[in-house]
Each structure stands twice: as C-alpha cells, then as structure tokens.
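A.B. asks: Make a model of the complete structure from these sequences and hints.
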Amino acid sequence: MSEVIVVTSGKGGVGKTTTSANVGTGLAKLNKKVVLIDTDIGLRNLDVVMGLENRIVYNLVDVVEGNCRAKQAMIKDKRYPNLYLLPSAQTRDKTSVSPEQMVALVNELREEFDYIILDCPAGIEQGFKNAIAGADRALVVTTPEVSAIRDADRIIGLLEANSMKKVDLIVNRIRMDMVKKGDMMSIEDVVDILAINLIGAVPDDENIVIATNQGEPLVGNDTLPGQAYMNICKRIMGEDVPMLDLAKNNGFFAKIAGLFKKN
Amino acid sequence: MSLFDIFKKKSSGDVAKDRLKLLLVSDRANCSPEIMELIKNDIINVIAKYMEIDCEGLDIQITQTESEGENGNVPALVANIPIKEVKHNS
Numbered sequence: 001m002s003e004v005i006v007v008t009s010g011k012g013g014v015g016k017t018t019t020s021a022n023v024g025t026g027l028a029k030l031n032k033k034v035v036l037i038d039t040d041i042g043l044r045n046l047d048v049v050m051g052l053e054n055r056i057v058y059n060l061v062d063v064v065e066g067n068c069r070a071k072q073a074m075i076k077d078k079r080y081p082n083l084y085l086l087p088s089a090q091t092r093d094k095t096s097v098s099p100e101q102m103v104a105l106v107n108e109l110r111e112e113f114d115y116i117i118l119d120c121p122a123g124i125e126q127g128f129k130n131a132i133a134g135a136d137r138a139l140v141v142t143t144p145e146v147s148a149i150r151d152a153d154r155i156i157g158l159l160e161a162n163s164m165k166k167v168d169l170i171v172n173r174i175r176m177d178m179v180k181k182g183d184m185m186s187i188e189d190v191v192d193i194l195a196i197n198l199i200g201a202v203p204d205d206e207n208i209v210i211a212t213n214q215g216e217p218l219v220g221n222d223t224l225p226g227q228a229y230m231n232i233c234k235r236i237m238g239e240d241v242p243m244l245d246l247a248k249n250n251g252f253f254a255k256i257a258g259l260f261k262k263n
Numbered sequence: 001m002s003l004f005d006i007f008k009k010k011s012s013g014d015v016a017k018d019r020l021k022l023l024l025v026s027d028r029a030n031c032s033p034e035i036m037e038l039i040k041n042d043i044i045n046v047i048a049k050y051m052e053i054d055c056e057g058l059d060i061q062i063t064q065t066e067s068e069g070e071n072g073n074v075p076a077l078v079a080n081i082p083i084k085e086v087k088h089n090s
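From first to last, the protein sequence lines are chains A and B. The first sequence begins at 1 in the numbering used here and counts up one residue at a time. The second sequence begins at 1 in the numbering used here and counts up one residue at a time.
Misleading hints may appear alongside valid ones.
[What the hints assert, rightly or not] Taking beta-carbon pairs under 8 Å as the criterion, some of the chain A residues facing chain B (in silico):
| hint | residue |
| --- | --- |
| 1 | I149 |
| 2 | R150 |
| 3 | R154 |
| 4 | G182 |
| 5 | M184 |
| 6 | E188 |
| 7 | I193 |
[Unchecked claim] Here are the simulated DSBU-like pairs of lysine-lysine, each with C-alpha atoms no more than 35 Å apart in a straight line:
| hint | chain 1 | residue 1 | chain 2 | residue 2 |
| --- | --- | --- | --- | --- |
| 8 | B | K10 | A | K11 |
| 9 | B | K10 | A | K181 |
| 10 | A | K129 | B | K21 |
| 11 | A | K78 | A | K166 |
| 12 | A | K166 | B | K21 |
| 13 | B | K10 | A | K180 |
| 14 | A | K166 | B | K17 |
| 15 | A | K11 | B | K21 |
None of these hints come from the bench; they were simulated from the model. Every residue gets a Cβ at the ideal spot worked out from N, C-alpha and C, and that includes glycine.
C.D. replies: Structure, rendered in structure tokens:
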C-alpha cells in the first residue's frame, strides 16, 4: 500500500523543503521505499538540501514530456538504499506540467514506492494545484507567525475544497524561550486557531542550518529537531508516539501531548 | 480604560493570537471590503426609513460569537449604528 504525501504551506520560507527532505529521509531510514519529488518548477531546491545537486541528469519536466522514463530521472541516494529524488526543472515554469500529468506520474510511481513525498511550491497557483492533484494526504507546515498561520488557514481551506482525505499540521521553528515569555504563540495556540490535527512540532535550531549547509538531513540523529522529525515519520506510519518535550520540565507540553492523543 | 491600555497589558503572543482569530473569521467568510460596503449601504437605507442615523459613525464587521448550539464559535455580522433621532411621525 503506497501513500502520496504533499508538503505544503502557502507562505514561502517556512520550511517545506527542509520538512520534505527530513520526512523523506526519515521514512527511508525506517525501511520504507521513498521517492521525493520536487514540484517547484523554476525554483529547484530539494536537490541542494538533500546534497544531490551534482547528480541531476533528467528532471520532472523531462519525465512528463516523455524525454526519459521516470526511472532514468530518479536519483538514487547512496546513503540510504530505499531513497530516491526526482528533481524539478530549473529553466522551465509551472505551466510545463498539468495536474493530470502529475496524477499519471504519481500513479505510475505508486507501483514501486511505499511513500511518494511531493515538495510543493509556495503560493496557491498552478504549482500548488499540480502538487496536490495526486496526493492522498497533506502535511501543512507553518511557523508561529501571523503571516504563516493566515496562509496555512487558506491552504487548509483549499485542501478541504479539493477533498484532500487527510490534512495534518507541522508547527515549525518554535522557540520555547519566546513562548515562555509570551512573545511567541505556543503550539497549542496555533493548533487552536487552525483546528486541524497536529502531527509534530519542530524547534528552531541551529543544527537545521548546519545540516542544510552540508546537504545531509538531520532526521534521526540525537539533536532535538532530528528526534522531532523522526517522530513525525513514525506518526505518518501510524505509530502512536508521544510529543517530544521541546522545553524540558515544562507542564505545558503534557497538555499538547494530551491534545494530540485525543485526535 | 482605552483599547490601547488593554493591549499594553497583553504579551505580544496573545496579541498575535487575537488578531489572527479576528482576521481568519473574515478570511473564512470570504467577504471582500466591496461586499461589506454594499451591505453597509443597504443597512443604512433600511434603517433610515424609521430613524435618523449617523452614517459616518456606522461600523459593521464580521466577528466571532459563541453559538447557541454545540459547534463552538460561529461568524457573526456585528453592526454598530448610532441613532441621531427616532422618527415619530412615520
């Protein structure tokens, strides 16, 4: 049984690509066969976050236009035996692919993969429509800022209007020190406003920057974000994993964990 | 106590949450400023038949209110219409 997951947010710069890279890598580490598809045509980035930018021969547009087979365009990540990347095209635009073509491609890949992760571009135009067309479920990434949450709310509305079967929330870049002082909305606040199921929260952490610099996703290592991403992967697979304590000795997080279990 | 004083006591996180809650209600209701203006003009026309109102001071907005049913908060159209004089001989 394969699952197609779109990672989306509306607003740019909240961490869609980082989330895609870590969720895809994490699922591969959990012995699932995974392909990551960068659907941001014209602004290719997932390849560089994954550290696979030097190995691109063909891209997504080549595949949908029939210049090559999907197998030829997919880059095998040598670090993990089950992980593949289908990079986006850098010199084309979003109109080069249609939602119908994306559905056909995704359905072809379902035969071979357990998880197909689609990294969605920012915005709600053609690129977004392409990315969500073939997806079974969505991960909405937001940060605890008014602009990102407003856009996430709009995206959730659009996903529901397009009958997306499952929509889960990832609160990214949370800073517990600021939450404690009351200067940042808490995870609870964000979940309360957006009213969808929380599948994980990732702290704002310098290790993310370091990992991106090196082109090596940090999922599964012993850093806080590394653990947070691994927990998200396990929850995607249906495991009931308690919420990570992002701020130690804090009663607040027990509440969040309770909230998650209810859903 | 002015509105400003209330906000001064709140942490910026709470301010953000309150602003967002209001904003999302009107976002979700999908009500453009143009439509709000049309509604406002229609309300003025109806009320003006019965009483003299302060058109400048009239304020309408979409906000949230507690539902009497069980589905929590629901959007509500709230109009604040200052009356200048009630017409008696209509």
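A.B. asks: Tell me, in ascending order, the numbers of any earlier hints that this structure violates.
C.D. replies: 6
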